[in-house]
Amino acid sequence: MKRKGGARKFRDKFTFIQIPQCAFRMKFQLFKGEKTIIDLCLIFQRLKLDYSFIFFLVDVPAAEQEKLFIQKLRQCCVLFDFVADPLSDLKWKEVKRAALSEMVEYITHNRNVITEPIYPEVVHVFAVNMFRTLPPSSNPTGAEFDPEEDEPTLEAAWPHLQLVYEFFLRFLESPDFQPNIAKKYIDQKFVLQLLELFDSEDPRERDFLKTTLHRIYGKFLGLRAYIRKQINNIFYRCVGNASVAYFLSLSCSIINGFALPLKEEHKVFLLKVLLPLHKVKPLSVYHPQLAYCVVQFLEKDSTLTEPVVMALLKYWPKTHSPKEVMFLNELEEILDVIEPSEFVKVMEPLFRQLAKCVSSPHFQVAERALYYWNNEYIMSLISDNAAKILPIMFPSLYRNSKTHWNKTIHGLIYNALKLFMEMNQKLFDDCTQQFKAERQKEKAKLKEREEAWLKIENLAKANPQVCLHY
1 MKRKGGARKF RDKFTFIQIP QCAFRMKFQL FKGEKTIIDL CLIFQRLKLD
51 YSFIFFLVDV PAAEQEKLFI QKLRQCCVLF DFVADPLSDL KWKEVKRAAL
101 SEMVEYITHN RNVITEPIYP EVVHVFAVNM FRTLPPSSNP TGAEFDPEED
151 EPTLEAAWPH LQLVYEFFLR FLESPDFQPN IAKKYIDQKF VLQLLELFDS
201 EDPRERDFLK TTLHRIYGKF LGLRAYIRKQ INNIFYRCVG NASVAYFLSL
251 SCSIINGFAL PLKEEHKVFL LKVLLPLHKV KPLSVYHPQL AYCVVQFLEK
301 DSTLTEPVVM ALLKYWPKTH SPKEVMFLNE LEEILDVIEP SEFVKVMEPL
351 FRQLAKCVSS PHFQVAERAL YYWNNEYIMS LISDNAAKIL PIMFPSLYRN
401 SKTHWNKTIH GLIYNALKLF MEMNQKLFDD CTQQFKAERQ KEKAKLKERE
451 EAWLKIENLA KANPQVCLHY
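Just so we're aligned, residue 1 is where the sequence shown starts under this note's numbering, counting upward by one.
Among the hints, a few may not be true.
To be verified - Taking lysine to any residue pairs in the SDA-like style, the calculated list, with each CA pair at most 25 Å apart, reads:
{"hint": "1", "residue 1": "Lys189", "residue 2": "Tyr236"}
{"hint": "2", "residue 1": "Lys183", "residue 2": "Arg215"}
{"hint": "3", "residue 1": "Lys388", "residue 2": "Val346"}
{"hint": "4", "residue 1": "Lys210", "residue 2": "Leu250"}
{"hint": "5", "residue 1": "Lys314", "residue 2": "Tyr371"}
{"hint": "6", "residue 1": "Lys281", "residue 2": "Ser249"}
{"hint": "7", "residue 1": "Lys426", "residue 2": "Asn415"}
{"hint": "8", "residue 1": "Lys267", "residue 2": "Glu333"}
{"hint": "9", "residue 1": "Lys300", "residue 2": "Tyr226"}
To be verified - Simulated restraints on C-beta separations:
{"hint": "10", "residue 1": "Met379", "residue 2": "Arg449", "range": "33 to 43 Å"}
{"hint": "11", "residue 1": "Ala437", "residue 2": "Glu264", "range": "47 to 57 Å"}
{"hint": "12", "residue 1": "Glu264", "residue 2": "Arg449", "range": "53 to 63 Å"}
{"hint": "13", "residue 1": "Glu448", "residue 2": "Asn406", "range": "33 to 43 Å"}
{"hint": "14", "residue 1": "Lys229", "residue 2": "Pro117", "range": "29 to 39 Å"}
{"hint": "15", "residue 1": "Pro395", "residue 2": "Asn256", "range": "41 to 51 Å"}
{"hint": "16", "residue 1": "Lys229", "residue 2": "Val58", "range": "35 to 45 Å"}
{"hint": "17", "residue 1": "Thr133", "residue 2": "Lys318", "range": "39 to 49 Å"}
{"hint": "18", "residue 1": "Gln178", "residue 2": "Glu151", "range": "35 to 45 Å"}
{"hint": "19", "residue 1": "Ile456", "residue 2": "Pro349", "range": "39 to 49 Å"}
Think of the hints as simulated: they come from the structure by calculation, not from any bench. No experiment lies behind these values; they were computed from the predicted model shown. Ideal placement from N, C-alpha and C gives every residue a C-beta, glycine not left out.
Using the sequences and the hints given, assemble the complete structure.
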């Protein structure tokens with residue numbers, strides 16, 4: 001967004017034309033000894049000229065570095081127009097870019113340079129450059145932004161914004177950084193404004209935002225509960241937004257740091273916030289991150305397995321086959337970490353759903369379900385509980401081995417049946433006989449039904465004058 005008069009103010013501050021030629025001659029003719037640098041600084045001070053962009057921070061004496069650092073920070077608060085006229089003020093844009101790069105290197109490679117007066121200046125530079133009106137959406141009609149299909153609106157001022165993000169991250173990561181001082185300036189209002197920037201469609205900015213928010217979460221213990229609360233609110237409010245993937249990725253890092261035993265607040269976050277996200281239509285935008293969050297919870301507390309699996313079965317898609325494949329992927333990830341004692345609690349409803357998937361006319365759904373039989377750990381769980389699982393799965397497997405339209409599915413079903421047979425031959429034979437007996441009963445019932453209808457038809461033909469009144 002163009003700030004009127006920004007370039008003019010910048011030139012008023014930094015123009016070299018105002019600087020006497022004698023000063024430049026001194027700059028280039030004198031050695032960079034401490035005495036000559038001080039003398040040159042004094043000349044600029046007497047002339048009431050800003051010398052912050054003439055000298056590098058490492059060139060001036062240690063006593064002058066803090067003052068020069070603050071001047072450079074303040075001068076980087078000047079904003080430029082990258083949208084209406086990208087070619088305007090190229091010289092001064094480059095001056096600002098060079099200053100930001102210099103400050104990134106300065107705080108990275110020097111110790112004890114982040115003094116108390118620096119904190120408000122750094123936060124102010126970040127706020128002025130970052131907390132802005134975002135460009136309009138690439139879908140002005142209101143359609144949801146799909147990062148896989150839509151071209152994002154890239155930030156025109158990224159050459160400067162990237163360096164501001166890098167500088168702020170180096171500031172947070174510096175060994176000299178003191179959260180007790182910074183908490184006066186990095187507060188709840190700052191965090192809220194930072195979260196609003198996730199509406200940016202530029203994936204580069206979202207990556208920096210995710211890292212920045214994670215660093216703030218790690219450094220400021222007093223802000224952790226507030227950050228979690230605001231992320232929860234975003235999940236409730238913007239479930240179809242592409243930024244959800246970034247918040248879920250951040251949540252993965254947060255969950256990883258949860259202490260054991262888990263607090264009730266954390267369990268509520270899983271059951272009431274994360275699991276309902278499976279109901280959203282554009283699940284594909286963030287499903288890998290969501291599944292990882294769920295699995296992390298189960299690795300920390302296995303007793304959550306039953307409510308998680310039952311919730312997935314409750315939200316199981318009925319008419320959306322690609323989404324069903326995603327559920328099958330996530331369910332296998334859960335089974336990879338499930339405890340045998342927890343598996344027993346969910347195996348019957350779980351395998352009833354798998355039996356339905358094997359019978360699906362959509363071959364990718366059936367194929368993905370049958371791939372479970374290639375997982376060694378899942379097969380060990382099935383083997384230990386074959387007496388319960390085989391009677392559930394056998395009818396679906398046997399029926400589709402002959403009737404499914406896809407030949408690949410036939411091969412996978414034969415493989416599953418073979419594994420069951422090797423697992424427990426007697427049980428397999430019993431299931432085969434039981435299935436055949438049930439099919440005979442079904443045929444007998446079908447024949448009785450056909451005979452009953454035939455009898456009704458014959459009676460109707462024999463009494464054509466009979467009229468039924470309702």
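Numbers of the earlier hints that this structure fails to satisfy, in rising order: As far as the earlier hints go, not one is violated by this structure.
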